[in-house]
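Residue numbers (our numbering), protein chains in the order written: chain A, 1 to 224; chain B, 1 to 224; chain C, 1 to 304; chain D, 1 to 304.
If you are wondering where the hints come from, they were derived from the structure by calculation, not from laboratory data. Check the hints yourself; a few may be wrong.
Claimed, not checked - No farther apart than 16 Å at their CA atoms in a straight line, the calculated lysine to aspartate or glutamate pairs in the EDC-like style are these:
#: 1; chain 1: D; residue 1: 152; chain 2: D; residue 2: 80
#: 2; chain 1: C; residue 1: 133; chain 2: C; residue 2: 93
#: 3; chain 1: B; residue 1: 70; chain 2: B; residue 2: 58
#: 4; chain 1: A; residue 1: 91; chain 2: D; residue 2: 206
#: 5; chain 1: B; residue 1: 91; chain 2: C; residue 2: 77
#: 6; chain 1: A; residue 1: 91; chain 2: B; residue 2: 58
#: 7; chain 1: D; residue 1: 86; chain 2: D; residue 2: 138
#: 8; chain 1: A; residue 1: 72; chain 2: D; residue 2: 217
#: 9; chain 1: B; residue 1: 91; chain 2: C; residue 2: 93
#: 10; chain 1: A; residue 1: 91; chain 2: D; residue 2: 302
#: 11; chain 1: B; residue 1: 91; chain 2: C; residue 2: 208
#: 12; chain 1: C; residue 1: 152; chain 2: C; residue 2: 217
#: 13; chain 1: B; residue 1: 91; chain 2: A; residue 2: 89
#: 14; chain 1: B; residue 1: 72; chain 2: C; residue 2: 217
#: 15; chain 1: C; residue 1: 12; chain 2: B; residue 2: 100
#: 16; chain 1: B; residue 1: 72; chain 2: C; residue 2: 93
#: 17; chain 1: A; residue 1: 91; chain 2: D; residue 2: 208
#: 18; chain 1: D; residue 1: 12; chain 2: A; residue 2: 89
To be verified - Examples of chain B residues lying across from chain A (beta carbon under 8 Å, computed):
#: 19; residue: 10
#: 20; residue: 15
#: 21; residue: 16
#: 22; residue: 18
#: 23; residue: 39
#: 24; residue: 40
#: 25; residue: 88
#: 26; residue: 99
#: 27; residue: 141
#: 28; residue: 142
#: 29; residue: 170
#: 30; residue: 172
#: 31; residue: 176
Built from N, CA and C at the ideal position, the CB exists for glycine as well.
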Amino acid sequence: MSALRFDQVAKRYPGGIEAVSGVSFEVGKGEMVVLSGHSGAGKSTLLRMIPAIERPTEGRVVVNGQDVGKLKRSGVAILRRNLGVIFQDRKLLFDRTVFDNVMLPLAIAGFAPREAARRVRAALDKVGLLEREKAYPIALSGGEQQRLAIARAVVNRPSLLIADEPTAHLDPAYAHDIAQMFRSFNGVGVTVIVATPDEALFAPYGARRIVLDHGRLVTEEAVP
Amino acid sequence: MSALRFDQVAKRYPGGIEAVSGVSFEVGKGEMVVLSGHSGAGKSTLLRMIPAIERPTEGRVVVNGQDVGKLKRSGVAILRRNLGVIFQDRKLLFDRTVFDNVMLPLAIAGFAPREAARRVRAALDKVGLLEREKAYPIALSGGEQQRLAIARAVVNRPSLLIADEPTAHLDPAYAHDIAQMFRSFNGVGVTVIVATPDEALFAPYGARRIVLDHGRLVTEEAVP
Amino acid sequence: MTIGNWLRQHGKACGAAARRIAGQPVNTLLSALVVGIALALPAGGEMLLVNFLRLAQNVSATPQLSIFLTLDANKKDSQEIDARLKRHVLVRDYRYVPREEARSRLKQTEGLAEVIDSLPRNPFPDAFVVTPKGESPEQLENLKLEFANYPKVEHVQLDSLWVKRLDALLRLGQMLVTGLAVLLGVALVAVTFNTIRLQILTQRAEVEVSRLLGASDAFIRRPFFYFGALQGLLGGVVAWVLVLAAAYALARPVSRLASLYSFNFALRPLPLAESLFLIAFAVFLGWLGAWLSVSRHLRDIEPR
Amino acid sequence: MTIGNWLRQHGKACGAAARRIAGQPVNTLLSALVVGIALALPAGGEMLLVNFLRLAQNVSATPQLSIFLTLDANKKDSQEIDARLKRHVLVRDYRYVPREEARSRLKQTEGLAEVIDSLPRNPFPDAFVVTPKGESPEQLENLKLEFANYPKVEHVQLDSLWVKRLDALLRLGQMLVTGLAVLLGVALVAVTFNTIRLQILTQRAEVEVSRLLGASDAFIRRPFFYFGALQGLLGGVVAWVLVLAAAYALARPVSRLASLYSFNFALRPLPLAESLFLIAFAVFLGWLGAWLSVSRHLRDIEPR
Ligand SMILES: Nc1ncnc2c1ncn2[C@@H]1O[C@H](COP(=O)(O)OP(=O)(O)OP(=O)(O)O)[C@@H](O)[C@H]1O
Ligand SMILES: Nc1ncnc2c1ncn2[C@@H]1O[C@H](COP(=O)(O)OP(=O)(O)OP(=O)(O)O)[C@@H](O)[C@H]1O
Ligand SMILES: [Mg+2]
Ligand SMILES: [Mg+2]
Chain A
1 MSALRFDQVA KRYPGGIEAV SGVSFEVGKG EMVVLSGHSG AGKSTLLRMI PAIERPTEGR
61 VVVNGQDVGK LKRSGVAILR RNLGVIFQDR KLLFDRTVFD NVMLPLAIAG FAPREAARRV
121 RAALDKVGLL EREKAYPIAL SGGEQQRLAI ARAVVNRPSL LIADEPTAHL DPAYAHDIAQ
181 MFRSFNGVGV TVIVATPDEA LFAPYGARRI VLDHGRLVTE EAVP
Chain B
1 MSALRFDQVA KRYPGGIEAV SGVSFEVGKG EMVVLSGHSG AGKSTLLRMI PAIERPTEGR
61 VVVNGQDVGK LKRSGVAILR RNLGVIFQDR KLLFDRTVFD NVMLPLAIAG FAPREAARRV
121 RAALDKVGLL EREKAYPIAL SGGEQQRLAI ARAVVNRPSL LIADEPTAHL DPAYAHDIAQ
181 MFRSFNGVGV TVIVATPDEA LFAPYGARRI VLDHGRLVTE EAVP
Chain C
1 MTIGNWLRQH GKACGAAARR IAGQPVNTLL SALVVGIALA LPAGGEMLLV NFLRLAQNVS
61 ATPQLSIFLT LDANKKDSQE IDARLKRHVL VRDYRYVPRE EARSRLKQTE GLAEVIDSLP
121 RNPFPDAFVV TPKGESPEQL ENLKLEFANY PKVEHVQLDS LWVKRLDALL RLGQMLVTGL
181 AVLLGVALVA VTFNTIRLQI LTQRAEVEVS RLLGASDAFI RRPFFYFGAL QGLLGGVVAW
241 VLVLAAAYAL ARPVSRLASL YSFNFALRPL PLAESLFLIA FAVFLGWLGA WLSVSRHLRD
301 IEPR
Chain D
1 MTIGNWLRQH GKACGAAARR IAGQPVNTLL SALVVGIALA LPAGGEMLLV NFLRLAQNVS
61 ATPQLSIFLT LDANKKDSQE IDARLKRHVL VRDYRYVPRE EARSRLKQTE GLAEVIDSLP
121 RNPFPDAFVV TPKGESPEQL ENLKLEFANY PKVEHVQLDS LWVKRLDALL RLGQMLVTGL
181 AVLLGVALVA VTFNTIRLQI LTQRAEVEVS RLLGASDAFI RRPFFYFGAL QGLLGGVVAW
241 VLVLAAAYAL ARPVSRLASL YSFNFALRPL PLAESLFLIA FAVFLGWLGA WLSVSRHLRD
301 IEPR
C-alpha cells in the first residue's frame, strides 16, 4: 500500500479555473518527493487536496488506503490529526505564544500535559526557537515564523509530512538546514512531499521530482 | 537632499533583542538598493522604521528630509501615503476583492473614483492580475498574492518604494519579471529599497548592496 | 480636502456601514431587536405614564371643596349659596349636587347600594362641589373657612385623600419608568459599545492595513460611527413599532380596568413629536456607543 | 477517549473561556450588565406581581357575603342568625358587624365622614359578613338566596366588584410581566447570539487553524458554550443584585401607597429558590444563545 496516490485528479475552482487536470502519481511509504512548477501551476491546490481542504472535482486522492473524497467530517478530522502540514501562508495564531502554537496539535489530539510540553520543547529545539517559546509570533522574523510553522507540523510525529514552500523567507543557509531536517525525518521513515520553487535545494538528498505546468503533470523522475 | 538616511540607528525590542545596532547609510534620490542578510539579521526591522511602524530606540531615520521619529500621528499618516510598501506578510484584505485591495490606498488619499479605477486597472495589468480583479485574495496562489501586494504598493506612484522579500513564493521566471519591474520604476526616478535573500536577482540592474549581519551593517557597496 | 471630497468620504463611510449592515440581515435584525426592546420599555412606560397623568388631570388635577348644607336647608338656601359662589372670584367652577344625586352616587360605591336602599329616608344633604382657582394649601384652607360661615352650611370638606393616593401612585410609576430608562439606556450604550468593539475586532486587519497605508484616524473611525448610528436608527424604528403594538395590545385591558373604576378612558399611542424624539434618541445612543467604543478600542490596533 | 481525557478537555475549554472573559474585564462587565438588566426586569416584575398576589389573597381571595338586617331587628334577632350561621356547613367564617361599627367604618370612606356625622341618627342596620366555603358562582348564589330567607334579613349582598377590579389589575400586571419576559428573553438570547457570533468572528483564525489540525467539531464548540454559559452566569448574578436593589428602593414608596389604601404591606424580596432559578435560567439562556450562534456561524468557517 502506497502512502499517497493521486488517480486522474482534477480540480476546477468555482470561478471556472482548472488548477489541476488529470494528475496521477503515487508516493510510496518513506519516499521523499519534491513538487515544483511555476507560480500558479497548481502546487498548493494539489497539496491541499491531501488533507481534504479542497476536494477533487474529478478522480480520487487516496491517503494510507483511504479515499479522502469519501471521508465524513469526523473522518477528515482524524486524517488531519495524522498528517503534518506546513501551509504556504503558515497559519500561525498570533494571539498565542510560540509554545502554545506548537502545543495546539497535541491539545487537539488529547495528549497529557506533561508529555505534550516535552514534545513541544523538543520540536522547538529542533528548529532553533526554544529560547523564544514565550514570544508571540509577531515578534518573530519572517524566517523564524517559517520555522515555527515547521515545528508545529512535526510535533505530532506524523507519518506523512506535507510542506508548501517551507523555505520561503529563509536565507540559503537556513534553507539548507530545513532541507536537511526534512531529510532526517525522511530518514526515520516519514513520507515527505515538498512543494518548492527551488528544487535544487533538495537535490542532494535524492528526492523524486514531480513538475506541474498549468495544472498538468509534465515530469516525474528522480532528481538527477 | 537624500531620499533616505539612517543615522546611527539602533532598535531594541521590548523583549531585550537588539535587532538593529548602529546602522548608518544614505540612499540618494532615484537610487536602487538591495538589502540582504541572514534570517533574523534585522532586514524587516530596518525597513519597518521607514514608515514609522517601528521607532528607532537610538539614532535618526530621515525620509525626504523629515526626521521620522519626531512625526506626530497625522504626520505619520501623511508620510505613509507617500510611500509604497510591500510587507513581508503582504497584509492583504481577504474580505475585499483584488480590485478593492488595490483601490484602498487611493480611497485613503481621496482620489476621484474614475481616476482611481483607471489607476487600479493599470497597476493590476502591470502585475498580470487584471483578469482576476473580481476575485478574492483567497482564490489567488501564493505568487499571485505577492503580485497583488506589489500592485497595491505602486498604485499610488510613490517616490520611495520599500519591498520586503517581494519575490518570495515566486518561481525564478516571475522573480525576474518582478525585479525587472522594480528596475523600470527605478528608471522613472522612483527610489527603491528591496530586502531579499536572493541579491543575485537584482545584480543585473546595478543595484547598490547593503548587507546586515546580526543587526550590524557589514557591507555597503555596488553589486559587482 | 475640498468639500466635494469631504462629502465623498462621508458618503463612502456611510455606504460602507450600510453595506456591512445589509450584508448580515439576521444579525442586523437581532441587534435592532435588542436595541428596540431596550428602548421600547421606557418609551412604553412613559406612554402609560403620560396617559395616566392625562387621566389624573381630568379626574382631580386641582383639589375640590365639598360644601354640605344642613339637612333642613331648603331650595331658597341653596339658591343663596349658588349666588354667592357665582360671584366669588376664587371659584373657578362649581356644581350643585342635590341630595338625590348624592344618594344615587353613594349607591354606586361597592357594598353600599343595598344599605342605602334599606335606609328609611335619604340621609344626605344637598351639596356643592367647588373647583377653586388657587391651589396653595393656605388658599384652600381660607376658602374652606369662608364657605363654612355661609348660612345653612353644615360642613365643608377638602378632598385630599384621592389626590394623595394618586400622587403616591404617580410617584411610584415615575420611579419605575425612570429606573427603567436609566437601566435600559445603560444597557443600550453597553450593547452598542460591545457590538462596535467586536466589529472593530473583526475588522482588525482592515484597520491595521488602512493605518499602514496612511489613513487618518477620522477616515478609520467614520464607518464605525455610521454603523453605530444606523444600528441605533433601526433599533429606534423597532422600538417605535413595539410601543405601537403594546398600545394596541393594552388598549382593551386598560379600558376595561378604567371602566371598573367608572372612568371612560382610552389609551393614546405616542404622538408624532415624541415618536421622532424616540428615534432620534436611538440614533444618538447608537452613535454614543460607537464613539465610546472607538475611542477605547481603535487606538489599540497599531500596525506591526 | 478516556474519562480523564474527557474531563481534561472540558476543563481546558472552560478554563479557556474563563480566561477570555477575565482578559477583558470592562467588556465582560458590560455584557453582564446587559444580560443582568434584561433578566432583572421580568424578574423584578414577577417579584412585584407575586407580592401583589399575596396581598390580594389576604384581602379578598374568597368573595364574601354581607347580610344586612332590617332596621328594626333587635338583639334577639341577631342572635338567632348568629346561631344559624354557626351551624351552617357551607360557612367557613363569619363576623357580626353591629350598626355602630358599620357607621364608623363608613366614616372612614373618603368624603363621607362629615356627612355621616351630620345625619340625625345612625342609618345603618346590624350586619353579618360571611366567608363561605365554596367559591363557585352557583354555590354563592344559592347561599345568597338562603340567607335572604332568614328572618329579619333586609338584604344579602355578594361582594364582587372588588374581586373584579383586582382581577382586571392582576390580568394587566400579568400581561405586562409576560410581555416583558418574552421581549427580554428574546433580547437576551439575541445578545448572547450576537456576542458569540462576533466572538467566533474574532476567533476565526483559531477556529480555522484548529480545523486544519484535525480538531473535532465538539473540541471547537466547547469553549464557546462555556463562554456563553459563563456570561449568562455573570448576567444572572447582576440581575439578582439589581432585583434586590429594586426591592430596597421600592420598599418605601410601595408601603406608603399601601398605607394610603389602609393596607399594612411590606415588599418581600425574591426568595432563595427563585433567586437560584433566576441564575440557572440566565446560564441556560447564555448557553442557548451560544448554541444557536455556534450552530449557525461555526460551520461557515472552513479552512482554505
Ligand atoms: N480558492 C480558489 N478559487 C479560485 N481559484 C483558485 C483558488 N485557489 C487557487 N486558485 C487558482 O488556481 C491556480 C493554481 O493555484 P495554486 O495556489 O495551486 O498555485 P501554486 O502552484 O501553489 O502557485 P504559487 O507557487 O504561486 O503558490 C491559480 O491560477 C490560482 O489563481
Ligand atoms: N516585534 C518584535 N519583538 C521582539 N523581537 C522582534 C520583533 N520583531 C522582530 N524581532 C526579532 O528581531 C530580530 C530581527 O528580526 P527581523 O524581522 O528584522 O529579521 P529579518 O532580517 O527580516 O529576518 P527574515 O529574513 O527571517 O524575515 C529577530 O531575532 C526577531 O526575532
Ligand atoms: Mg502555492
Ligand atoms: Mg524579515
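Exercise. Taking the least C-beta to C-beta distance, is residue 39 of chain B closer than 8 Å to chain A?
Worked result: holds (3 Å)
Exercise. Does residue 15 of chain B pass the interface check with chain A, least Cβ-Cβ distance below 8 Å?
Worked result: This interface hint holds because 6 Å falls under the 8 Å limit.
Problem set entry | 16 Å limit on alpha-carbon distance, applied to hinted pair residue 86 of chain D and residue 138 of chain D | violated (22 Å)
Exercise. Taking only the CA atoms, is the gap from residue 91 of chain B to residue 89 of chain A under or equal to 16 Å?
Worked result: OK: residue 91 of chain B and residue 89 of chain A at ~11 Å, within 16 Å.
Exercise. Is the hinted pair residue 72 of chain B and residue 93 of chain C satisfied, with a Cα-Cα distance of at most 16 Å?
Worked result: It is violated: about 74 Å lies between the C-alpha atoms, which goes past 16 Å.
Problem set entry | Interface hint compliance - residue 141 of chain B to chain A, C-beta minimum distance less than 8 Å | holds (5 Å)
Exercise. How about residue 18 of chain B: closest beta carbon in chain A under 8 Å, or not?
Worked result: It is violated, given that the least Cβ distance between residue 18 of chain B and chain A is near 13 Å, above 8 Å.
Problem set entry | Satisfaction of the residue 88 of chain B interface hint, Cβ to chain A closer than 8 Å | holds (5 Å)
Exercise. Against chain A, with CB atoms and a cut of 8 Å, does the hint on residue 99 of chain B hold up?
Worked result: Hint violated; residue 99 of chain B Cβ to chain A Cβ min 14 Å, cut 8 Å.
Problem set entry | Distance restraint between residue 70 of chain B and residue 58 of chain B, which requires alpha-carbon spacing of 16 Å or less | holds (12 Å)
For this session: Below or equal to 16 Å on CA atoms is what counts here, so check residue 91 of chain A against residue 302 of chain D.
Result: holds (13 Å)
Problem set entry | Hinted pair residue 12 of chain C and residue 100 of chain B, Cα distance within 16 Å | holds (13 Å)
Hints 5, 6, 7, 9, 12, 16, 18, 19, 21, 22, 26 and 31 from the list above are not met by this structure, while the remaining hints are.
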